[in-house]
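Protein sequence lines correspond, in order, to chains A and B.
So the first sequence is numbered by the working numbering: it starts at 1 and just counts up by one.
So the second sequence is numbered by the working numbering: it starts at 1 and just counts up by one.
These are computed hints drawn from the structure, not numbers from a lab.
These numbers come from a predicted model, not from an experiment.
Any given hint could be a false lead.
[To be verified] Simulated pairs of lysine-lysine, DSS-like, Cα-Cα distance not exceeding 30 Å:
| hint | chain 1 | residue 1 | chain 2 | residue 2 |
| --- | --- | --- | --- | --- |
| 1 | B | K127 | A | K74 |
| 2 | B | K100 | A | K76 |
| 3 | A | K76 | B | K128 |
| 4 | B | K128 | A | K74 |
| 5 | B | K78 | A | K230 |
| 6 | A | K76 | B | K181 |
[What the hints assert, rightly or not] Far from chain B, some chain A residues (derived; all Cβ distances over 12 Å):
| hint | residue |
| --- | --- |
| 7 | V19 |
| 8 | E73 |
| 9 | I105 |
| 10 | A112 |
| 11 | P159 |
| 12 | Y177 |
| 13 | F179 |
Idealized CB from N, CA, C, for every residue including glycine.
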Amino acid sequence: MTYSLRRVYAIFQKDLKDVLKNMFITTSLPVPLVFALIASRDPNPPVEAHFMFINLVLVMITAFLQSAIIAEEKEKNTLRGLMLSPATTLEILNGKSLLTFVFTIVTIMVGAAISGYEPANLWLVAVAFLFSIFFYLALGTLIGLYTKSMMEASVLLMPILLVFGFGTMHRAFIEEYAFLSFTEYFPNIQLLELAENVQTGAGIADVWPALTIILAWSIVMFLLVIIVFKRREIDE
Amino acid sequence: MDSIITVSSLVKVFANQKALEDVNFNVGHGEIFGFLGPSGSGKTTTIKILTGQLHPTDGKAEVFGVPTSALNSPYYRKKFGVLTDNSGLYERLSIFDNLKLYCDLYDVPVRRIDEALDMVNLKAEQKKIVSKLSKGMLQRVLLARTLLHEPDLLFLDEPTAALDPANSQHIHEGLRQLNAKGTTIFLTTHDMQEAEDLCDRVALLNKGRVQLLDQPKALRRQFSDATVTVELRDGRAIILSTGPEAAETMHTHMVNNEVAAIYTNEPTLGDIFVEVTGRELI
Ligand SMILES: Nc1ncnc2c1ncn2[C@@H]1O[C@H](COP(=O)(O)OP(=O)(O)OP(=O)(O)O)[C@@H](O)[C@H]1O
Ligand SMILES: [Mg+2]
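Looking at chain B on its own, in the form it has when it is part of the complex (with noise of 0.2 Å):
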């Protein structure tokens, strides 16, 4: 699997801090990335020196293969689509105005408006002026309007930040149909089950390094300590590994129909940044 995304040494100093110190990953075509850490780790800024928006200090960043300064001509531009955390939208103008102008910057047909705002929930209220929305609703309509030209890469940051599970849900679905097509992602996200649920893979971005990466699978079971919970009828919980004696008890409290309950100990991706950061995300 090629790169899209290839980062290598990158750093970022701004006037008086270091955000990025020595960051690396590659992203592959196709996949869902899932770029995780603590506030104020430097998601946000990788996010920016990927799409052009920040020049890195250092090192490599390179996105479809060229170096991320030359992502400004509309050739690129069409290539990839941007959510970020603080754009916004015309107040005064309806949602089907504010998607109208990004279909003709962008040479997409008008009627990509309805199927990208199918995706999020809104065709019924194109109408409607954006002063008049809601949080989530604004949100969903940056990402739609993000979608608008079904770009080739993705970069979503903390795109269901404001989102009810039920949007939330739908707006997974979404992304899973669009990465099946072929759209590569980029996700920034405080939702360790989002994370979970959608990411082929994560990285961890921890005091300006990448600490973790690899399928959330694989780091749960990485840091497992290959035990289960059981718990019994009457009320105990026994903990046990692997090995014959395990077995053993086990087999003798299923037998005796004493079992109410078996529960893995694998740690959830929470646990494991619990664990390695050493602090509760935000």
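The following block holds chain A by itself, in its conformation from the complex (with noise of 0.2 Å):
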């Protein structure tokens, strides 16, 4: 097996090339932002309000860009020729993840800045931030291998921006429909969870079950490319 970070990288570049001129993208992409103008105008906001944008950055970004941009390569016909070059489906998809993580730190960090998030320890929460992100990168990808185009990629991300995209709302739901309660585990609302405990001087000893958890939802998320994805090697 032969990787090559030169081929990755070449198409990192030519992603980013292509992302920036793509209206559609350049649009949605500040869309998250709006709701950290939103956070930033209480002098004192509490981390659920940065969990606004935060969260909308991890589905309209991270997991929306990375479907996008693997959805159009085959809505295009240009996905036969990257397979039939040297580059393997392993790099192609790691130059697009690399793009989609790129894109993702700077809104979010953008994001922190207007909103004035500061996390209590933030090591803690860049690990819980990091597990996360490989979650919705995962999500992108089963989603840009299942679908066909990229309208189609964006309707798909319809029902997940409900269940993922607006976290603190579960709350209401749950208090009110005791089923629902399983929804605690989704790995948005653990990332919440942590984030308020981390505000109020939790420590890794505190929060070491919420990690495992986000932790295990990418691995999952993980385990189900590669099977999607050994499956769709050849295409008949």
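Make one complex out of these two single chains by using the hints.
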């Protein structure tokens, strides 16, 4: 098995140029930042106010951008050329993931600067973000592999936005309907609660269960990607 | 001449139909090999099998001496190039940026972009955005992309289908030069003139099998009835075969200065095709 960083970077560069010229994507990228602005109007916003924009970044950028740039390769018949080149599928997906990752990190940092989010324990929150980003990256990859066009991918994203995008709204539902309490274990809720606990002084000893749950979601999603992938290596 | 492509008893069955029944042929190193056949006869399917995009149902398909299933390593990927009939380009990027990606993927220097674009007559337009290109220009960019890494073996699926005659000829010239430098070319086309001009040998695929395989010239001779048509100045046309009697007639007309033109009745490749396949090629 050969792996070439040069080819990964080539895909990354190409996708960067392409995404910056894609109106549909460039206009949807700043949307989460609007919510960061809203949070910034409160002089002392609660953690969940910051997570309005952070959840949106994870769904609208991490998952959506990733799915869109994969689906579009199929829509425009450009994937075949890549697959016939020396680039392996892993390299292709890694190049795209790198781009999505960079966009995610940059938007979260810009958003946090706008909304004034300062985690009490930066490293702990960073690790939780990292695990979460892996989950949404894998989710986006899965959607990208399943759909055939960018539009299809964005339609599929709607229910995901409802489930994972608006983390804090769940709580109201859980209080009302007890049978929904399993949603407590969703990665977005776990991430939010972890961040809230960290802000009130919790350390790794307190939040490791949440970290483990988020990591478990990422691993399951990642395995799903690999399974789908193996099945689709040759298209007939 | 040893073979760069070996195909024997190749079968490909799709869910509901048999595309290839029993296909046999070899392509030698350095050949320009024409793969002809009616629409739907399985030319593209064969290219997909030979480039590892489809698995054969049965039989042998080897390229570079290895089974096509082994072609997915970067080592072999760098040795061949494919122009398929449904490849796409990145529409929002320039011609240059499209080719730059492939330079990086194939590990070739960026100066190859100029050389490849020169071959398809697009060197001056490399800054143009792909979405603004005509169909023929797109086709030429794709061809340039396929040539960037100067592969040992080139698969071209109808490379000049969307092109005007001047551009076709320019590309033929480029392909000949590439071939002279050692690239083996496997080409499908519906343009019989192209096949005749360019190919060392042609195969005719029909009803799941290779029905004819030879040099274009040899095929024409094989199907020729060895007659000539002599057109006389008074407008009459006579058909002569060989033999003393025909020679006599010809002699007389020539001595009397009555001959306007002489045509050979050798069939064209197109004629042979229609005769063998029993239908007009599209
Ligand atoms: N993926 C597929 N699934 C099912 N059938 C297919 C598939 N690809 C090709 N076929 C069938 O196999 C046959 C051969 O198709 P192919 O595309 O190889 O023909 P072709 O010789 O390239 O035709 P053309 O000259 O029109 O390009 C056709 O009947 C086609 O419908
Ligand atoms: Mg075809």
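Structure-based check of each hint:
A hinted pair counts as satisfied when its Cα atoms are at most 30 Å apart, and K127/B with K74/A qualifies at roughly 25 Å. Only pairs whose Cα atoms come within 30 Å are accepted, and K100/B paired with K76/A is accepted, the gap being roughly 18 Å. Taking the CA atoms of K76/A and K128/B, the gap is near 18 Å; set against the 30 Å cutoff, the hint holds. Restraint check: the Cα-Cα separation between K128/B and K74/A comes to about 23 Å, which is no more than 30 Å; the hinted pair holds.
At most 30 Å may separate the alpha-carbon atoms for a hinted pair to count; K78/B and K230/A meet this at roughly 23 Å. Distance restraint check for K76/A and K181/B: the Cα-Cα separation of roughly 33 Å exceeds the 30 Å cut-off, and the hinted pair is therefore not satisfied. At roughly 9 Å from the closest C-beta of chain B, the C-beta of V19/A falls inside 12 Å, breaking its exclusion from the interface. Chain B draws E73/A into its interface by the beta-carbon criterion, the shortest separation being 9 Å against a cut-off of 12 Å.
Against the 12 Å criterion, I105/A stays outside the reach of chain B, whose nearest CB is about 24 Å from its own CB. Against the 12 Å criterion, A112/A stays outside the reach of chain B, whose nearest CB is about 30 Å from its own CB. With a cut of 12 Å on Cβ distances, P159/A stays outside the contact zone with chain B, its closest approach being about 29 Å. With a cut of 12 Å on Cβ distances, Y177/A stays outside the contact zone with chain B, its closest approach being about 46 Å.
Distance check for F179/A against chain B: the nearest CB is about 44 Å away, which clears 12 Å, and the non-interface claim stands.
Against the hints set out earlier in the document, violations occur for numbers 6, 7, 8.
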